[in-house]
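There are 2 protein chains.
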Amino acid sequence: MAVNVAIVGATGAVGQEFLTVLAQLRFPIKNLLLLASARSAGRKIEFAGNSYTVEELTKGSFKGIQIAFFSAGGAVSREFAPAAVEAGAVVIDNTSAFRMKEGVPLVVPEVNPEQIHKHNGLIANPNCSTIIMNVPVWPLHKANRVRRMVVSTYQAVSGAGAAGLRELEQQIKAYAAGGKIERALFPHQIVHNLFSHNSKIAPNGYNEEENKMVNETRKIFGDPRLMITATCVRVPVPRAHSEAINLEFERPMTPQQVREILARAPGVRIVDDPEKNYFPMPVEASGQDDVLVGRIRQDISREDGRGIDLFVSGDQVRKGAATNAVQIAQRLL
Amino acid sequence: MAVNVAIVGATGAVGQEFLTVLAQLRFPIKNLLLLASARSAGRKIEFAGNSYTVEELTKGSFKGIQIAFFSAGGAVSREFAPAAVEAGAVVIDNTSAFRMKEGVPLVVPEVNPEQIHKHNGLIANPNCSTIIMNVPVWPLHKANRVRRMVVSTYQAVSGAGAAGLRELEQQIKAYAAGGKIERALFPHQIVHNLFSHNSKIAPNGYNEEENKMVNETRKIFGDPRLMITATCVRVPVPRAHSEAINLEFERPMTPQQVREILARAPGVRIVDDPEKNYFPMPVEASGQDDVLVGRIRQDISREDGRGIDLFVSGDQVRKGAATNAVQIAQRLL
Chain A
431 MAVNVAIVGA
441 TGAVGQEFLT
451 VLAQLRFPIK
461 NLLLLASARS
471 AGRKIEFAGN
481 SYTVEELTKG
491 SFKGIQIAFF
501 SAGGAVSREF
511 APAAVEAGAV
521 VIDNTSAFRM
531 KEGVPLVVPE
541 VNPEQIHKHN
551 GLIANPNCST
561 IIMNVPVWPL
571 HKANRVRRMV
581 VSTYQAVSGA
591 GAAGLRELEQ
601 QIKAYAAGGK
611 IERALFPHQI
621 VHNLFSHNSK
631 IAPNGYNEEE
641 NKMVNETRKI
651 FGDPRLMITA
661 TCVRVPVPRA
671 HSEAINLEFE
681 RPMTPQQVRE
691 ILARAPGVRI
701 VDDPEKNYFP
711 MPVEASGQDD
721 VLVGRIRQDI
731 SREDGRGIDL
741 FVSGDQVRKG
751 AATNAVQIAQ
761 RLL
Chain B
431 MAVNVAIVGA
441 TGAVGQEFLT
451 VLAQLRFPIK
461 NLLLLASARS
471 AGRKIEFAGN
481 SYTVEELTKG
491 SFKGIQIAFF
501 SAGGAVSREF
511 APAAVEAGAV
521 VIDNTSAFRM
531 KEGVPLVVPE
541 VNPEQIHKHN
551 GLIANPNCST
561 IIMNVPVWPL
571 HKANRVRRMV
581 VSTYQAVSGA
591 GAAGLRELEQ
601 QIKAYAAGGK
611 IERALFPHQI
621 VHNLFSHNSK
631 IAPNGYNEEE
641 NKMVNETRKI
651 FGDPRLMITA
661 TCVRVPVPRA
671 HSEAINLEFE
681 RPMTPQQVRE
691 ILARAPGVRI
701 VDDPEKNYFP
711 MPVEASGQDD
721 VLVGRIRQDI
731 SREDGRGIDL
741 FVSGDQVRKG
751 AATNAVQIAQ
761 RLL
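Chain order of the listed sequences is A and B. Heads up: the first sequence begins at 431 in my numbering, then just goes up one per residue. Heads up: the second sequence begins at 431 in my numbering, then just goes up one per residue.
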């Protein structure tokens, strides 16, 4: 039962990754429609041995489409996703446009797959940092409710798309050649530096990325009382976000219990070898669909045994975006 | 009242910074003795317009020396510091050799200057990440006791000395030239990557750096009940450590109160402009003696108003090492 698939934003970093993941996961595609802005229309893209021409996205683009992956920014989703739904497609939207909207399932398949079939034409794919945190924390939360989380992120430049990756590359090359470091995308130099995540600061003092981690996790876990504070930081790493996660559970929890739960959790790979000082790293998480989890230890700042610290690393373009969306589509079929 | 000063480890990264800071802070030096291993003996080093020859460190090196700065590793301090003390010098030791020893003051001058004069010949300079955390947290702790802290670090490669800096430089240049990335010092690639701090993992699951932050802070603050959990991470930044700090106070605390306290705190500079997305960054903390503090906000994961989040950045070679030690020596005179 192959289906007709459209990719909106096909020429972007995540759009390109959609193609890679669709091929790797052998997603049953009948016809593939690649959509982008007028500027990118006409470009040729190879997929599974065939060449496809990128077409301009219009409200009439979606006739006969069954699944439409959107990844071209919130404004594009707000403008064109309703037209896709009206044409009969199920939209899996990678932007933040509809994530917090009531009636729109926000899904990490390892966490809340039962939400997928409640859609009204729209399913939202969560923020990348949120997904990477949710995959390892959810199985622990199910076993012993997490009351509060303190998370600090180490986020790769490609979280800002292909332009972010180019900016790091150009600055590295300029630095190595002794030249001037120029900025185009980020508000600050990224090579040899790091900075608070370059999203808008909300009235509560948190930036948008941090508020997404808080609010989306509550919706995905179905636990509006879950307390989270996050500090999101951009680091000079090309790909894969890392996160230091401090968890406060309802009841005591041991590192051994955490290891046992995570060892059988889907989408998780434990990388935790204290002897060799070998733990999750972005270079090893890149290109992987699993979230790497390590530094599993009892939080020594709590005497009641209810604290656990973790360090995780996950590919935010794959599991944090394309893979998660394709997994949603797989379950939809 | 100029004094005779010795620097042990004069050719290392911190040793070199000692010279810079001694000159900048116009430390009153009568005679300067530069000591290092036999391998470095004979090297010439310029200081304040004069050329000095590095001499080999021996137990007889310290005759007539009043202040000896040690920064050549714990083993060297353990072997030679007692000889310096015996010769009548006050040793200000930048290694971890004596930090937790009873009777040895462990001093951040902004925090516990009263400890300086309790020395028995030895004063310990704290770990760099500890100092950078202590400078902004102490004035808050004094106003409203901190019960618990959750800290995640973003540590520069020069925390591992000049060799760490060289390793990042070489890997950046190899990467830019399309060549093979080689490792010598760190257990993992550092360019385009980050990893859990490369110090030994203790039986409690924390690495040495993390345990230093916990235990040293308790000693410096004189508060053995202070609860801290830390996750220390090495990032591809040449200089200045950053830290995401979550604080739980005994009583409610507002961001406005924090700002007022930090605005008049010594050694702190507030860099906190949400409008411009401008907060502490390693490129701006490098070469500075102040610790930059920003992202000052109410922790939304606590409903009792007792939580505050901060993001800080400080030069770990200066305030985290050389500057702090020279400030101790200044107060000693």
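Hints may be right or wrong, so weigh each one.
You can't tell identical chains apart in this list, so a pair holds if it fits in one copy or across any two.
Subject to a maximum C-alpha distance of 20 Å in a straight line, what follows is the list of computed EDC-like cross-link-like pairs (lysine to aspartate or glutamate) [stated by the list, open to error]:
#1 630 / 705
#2 572 / 540
#3 610 / 599
#4 706 / 638
#5 474 / 532
#6 706 / 612
#7 460 / 690
#8 630 / 703
#9 610 / 714
In short, the hints are calculated from the structure, not lab data.
- Message: As a check of your reading, is residue 610 near residue 599 (CA-CA no more than 20 Å) within one copy, between copies, both or neither?
- Response: Both: 13 Å inside a copy, 16 Å across copies.
- Between the shortest in-copy and the shortest cross-copy C-alpha distance, which are at most 20 Å for residue 460 and residue 690: within, between, both, or neither? For residue 460 and residue 690, neither the intra-copy (41 Å) nor the inter-copy (63 Å) Cα distance is at most 20 Å.
- Query: For residue 706 vs residue 638, is the C-alpha pair at or below 20 Å within one copy, between two copies, both, or neither?
  - Reply: Classified as between: cross-chain Cα gap 14 Å, same-chain 37 Å, threshold 20 Å.
- Message: With identical chains, the pair residue 630 and residue 705 could be close in the same copy or across copies; at 20 Å between alpha carbons, which is it: within, between, both, or neither?
- Response: between (41 Å within a copy, 8 Å between copies)
- Item | Same-copy or cross-copy closeness of residue 706 to residue 612 [CA-CA at most 20 Å] | Between copies only: 19 Å across, 39 Å inside.
- Item | Copy assignment of residue 474 with residue 532, given that the CA separation must stay at most 20 Å | neither (38 Å within a copy, 71 Å between copies)
- Task: First find the shortest C-alpha distance between residue 630 and residue 703 inside one copy, then the shortest across copies, and answer within, between, both or neither for a cut-off of 20 Å.
- Result: Between. Shortest inter-copy distance 11 Å satisfies the 20 Å Cα cut-off; intra-copy 38 Å does not.
- Task: Tell me, please, which holds for residue 610 and residue 714 at an alpha-carbon limit of 20 Å: within, between, both or neither?
- Result: between (31 Å within a copy, 17 Å between copies)
- Task: Go through the copies and call it for residue 572 and residue 540: within, between, both or neither, with a Cα cutoff of 20 Å.
- Result: The answer is within: 12 Å in one copy meets 20 Å, while 45 Å across copies does not.
Violated hints for the displayed structure, listed by number in ascending order: 5 and 7.
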